[in-house]
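Each chain, letter by letter, is given below.
Protein chains: 2
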Amino acid sequence: MGLLGLGAVLKSGGLGVSDYDAIVSINIFIALLCSCIVIGHLLEGNRWMNESITALVMGLLTGGVILLVTNGANSHILVFSEDLFFIYLLPPIIFNAGFQVKKKQFFRNFMTIILFGAVGTLISFVIITLGAMGLFQKLDVGPLELGDYLAIGAIFSATDSVCTLQVLNQDETPLLYSLVFGEGVVNDATSVVLFNAIENLDIGHFDALVLLNFVGKFLYLFFTSTVLGVATGLLSAYIIKKLCFARHSTDREVSIMMLMAYLSYMLSMLLDLSGILTVFFCGIVMSHYTWHNVTESSRVTTKHTFATLSFIAEIFLFLYVGMDALDIEKWKLASRSPKKPIALSAIILGLVMVGRAAFVFPLSFLSNLSKKETHPKISFKQQIIIWWAGLMRGAVSIALAYNKFTASGHTEVRVNAIMITSTVIVVLFSTMVFGLLTKPLLNLLIPPRTGPNTPSLLSSQSVLDPLLTSMMGSDFDVGQPSPQYNLQFILTAPTRSVHRLWRKFDDRFMRPVFGGRGFVPFVPGSPVERSAPDSQLGTVTEAENS
Amino acid sequence: MGLLGLGAVLKSGGLGVSDYDAIVSINIFIALLCSCIVIGHLLEGNRWMNESITALVMGLLTGGVILLVTNGANSHILVFSEDLFFIYLLPPIIFNAGFQVKKKQFFRNFMTIILFGAVGTLISFVIITLGAMGLFQKLDVGPLELGDYLAIGAIFSATDSVCTLQVLNQDETPLLYSLVFGEGVVNDATSVVLFNAIENLDIGHFDALVLLNFVGKFLYLFFTSTVLGVATGLLSAYIIKKLCFARHSTDREVSIMMLMAYLSYMLSMLLDLSGILTVFFCGIVMSHYTWHNVTESSRVTTKHTFATLSFIAEIFLFLYVGMDALDIEKWKLASRSPKKPIALSAIILGLVMVGRAAFVFPLSFLSNLSKKETHPKISFKQQIIIWWAGLMRGAVSIALAYNKFTASGHTEVRVNAIMITSTVIVVLFSTMVFGLLTKPLLNLLIPPRTGPNTPSLLSSQSVLDPLLTSMMGSDFDVGQPSPQYNLQFILTAPTRSVHRLWRKFDDRFMRPVFGGRGFVPFVPGSPVERSAPDSQLGTVTEAENS
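Chains as they are written, first to last, in this note's numbering: chain A, 74 to 619; chain B, 74 to 619.
In short, the hints are calculated from the structure, not lab data. Be aware that a few hints might be false.
Stated by the list, open to error - To give a feel for the contact side, a few chain B residues facing chain A, derived at Cβ under 10 angstroms:
1) T374
2) K376
3) L517
Don't be surprised by glycine CBs; every beta carbon is placed ideally from N, CA and C.
Produce the complete structure using the sequences and hints provided.
Here's what the structure looks like:
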């Protein structure tokens, strides 16, 4: 009932369809999206800018123009709606993240990623909450309860991985990329789960049992969300493999993949799980099995369609945040004490930096300790980048803040208005200032390889299909030089041997049922399938790139 | 303000996002879409069924189940919203139609298509209006005014090309396909323009001047809508050619194409033009210019993405109509006189058949008269198929009827309830019964080529990319055997010579600016570009298909 019910919002008048204002808004928004893409492309050479910041600035400018035109009545075209964010914009971004991630790197660093994303976020959450409790009271912002402080901790623990990833390069710095990226996803999920848990928390009697309950719920959400995502992904692989759409139509395959991915997210929502985690793992499973069961053209199409949808959603998001930043009502309400939001934002930014430092460096040390000589360690410079790359706060923070501090997108109580404006300031400042400094910092700490080494980057940006090539070539690579397969090896290099066990299991049980790499050209389960998947794929990739 | 404002509709409660019911609805809907695709695939061999009918039946069944579960309180998950239809579902379908149409066939039959689509629809409109005025009064349905009768004429002049096209095959019967399809698009536009014009008509003093005004407005809408679509398409081609996204990213190209296509539609809405016509011509221009300016992978991606979006929108539509058909409120209101809607529907169906016969046969005769010996004429059997293929009424009719006879999706007045239920009956009956009979009728009138001829069909359904191959090979073919280029030729074969003039103009002025076929590999405007585009494309296509 009423879902997508534009009818209710865009009120009908004549057929020319609905609310004139709504159509004007859509037009302006699409035109802005187009110009962001074009301007983002033109600025690409610039070492400071990236598309997120372009979109933010464009959003701010548009908001300013609208403010002037409407004489200060209005600054945004759209009211910020966390539903729009959580139902439409976030799923494609996170799904695409899972779909495109280099699975080998991701799983090799799995433990470190979980450590950073889950434990790290919890540490950051505790520090921000405690810091806020200690420092906010001196400012006399208004009546904040324990629940509010806990929510503030969760809100500002959510990093904005989207922005950072536009700066880091998967080919140049694979370890950093997979760490920061993986952490970002797990972090998003952790923050949202934390926030939900806090909302449902009975703060009246807070004791060890409640804490245990909280931890239990957290682990349960984590586990079930992942299982749901994996199950949906496998189901899609099975359906496409069994029905052999391949012979008939690319449209059906692409439709099924898109719909099933979205279904996994919505099912997760329905069951009150973490949609972000679910859709992320669904993306991983789909790229490991389903994607290999479809035709060539479906592969190219899904690959780029998912990337494009994610790209548009990201730009949309930053435009949106930029426009929303100038919402005049909030500022009016907060401006009776204009210095407070700024002081608050400064405190929060400080807490964010401390909170992040408090887990990045110790956890990196822990992670390095557990690694053997042969495995790459996280250098101090890399630790600084990991710390820096997670300082940005973005749309997740805004969405959570809106959810906590407003009822309907408007901010009636002064303390709420102050919290919202502070959140907006933190997001804008961290995205623009920290974001702008990321590229230079990266160049300073890890100078880009010049001379004969650069072609590796350039060639991967080749005319045709770098994503596709890297995807076909890199997931669960076979050629790992580790022949000693015995008990001692299992003990000394657990991750790697788990990986080998997984490969055996995958080949023996999963592939025959769900397809996957090298499926299409062979009879499923035939010995040829396992003997030379690489050479086979080599040809396919070449044909594609020729 | 409030655009896409889900926040208003899906009311917030906890973060788990919004209205539980809405999430349940989305889940059911996506699951239904998936099952329609799977079932549609399984039934593909069946000579009676097609995906539209599968979706309709699934929608009806689901509606029935919901009716039972909610004890008759509710049958649909979504309220039918013409905004959802006109803003989200129709644009991808029509754009894809323009994008995939075989332009050579379309433009060769351009005059016939316009004759059928515009003049034919007007004839059908007049006959249905007059018939309704004469026959409805005997039934005593209620107080209908002249404006209502005119609207009924417009509503039931809108054919449902979507359903038919799933039965006709572009490769098997190219002439029929291009005629029926082209007519369908022009017809949709004509009906919507007619309907809008009627809504704004001052019926008080209806005289020759008003009629002239009406005709003038109609032509103005037709012309400006087309120009807007062409302009947007050309702009997208120019942007992509000038910026050379190609070297960097497929995502940007695909985003720009998708966004610009949608922008053309929304701009058209904004200017109160016919979005359908605009987005259709935007699709044609994009496939002629823009599509050739992008990288290989962007071509594959856009091709299939547009087709997939259109495919999903179509299934969504039929599911929706199927569910809406069981809306209990309308039936309750109308059922105080249960026979009336059925009698009305029968009359309307009769009028539709007569109205369509009244223009298909005479106009085909006219069209045949104007053709020279060498040109293929429309045989009588083909005329019957054209007549039959346009008898189905679909979502456009329903959307227009809702717009006319309800204020907010509900039907308070009895006469309005009767009109809506009659429309639903006509749509269901024509889609299911006529739709089911189309395939057998086609087989009867034009027996499928068996034996050595069939491979032409089978090979085009090859593993890789029939759409892509046919698209690259067939638009504005160069190899037309018509060497005599003089005044007499211009007089005797106007269409063909216009085509030649267009090609010259295209090569001389358009291609150097907007790119188009064979653009990417060459320096624009170089002589090589024009000398051997076919062989060049041949290689590309082969590489893709290998």
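Here's how the hints hold up against the structure:
| no. | hint | result |
| --- | --- | --- |
| 1 | T374 | holds, 4 angstroms |
| 2 | K376 | holds, 8 angstroms |
| 3 | L517 | violated, 25 angstroms |
When each numbered hint is compared with the structure, a violation occurs for hint 3 only.
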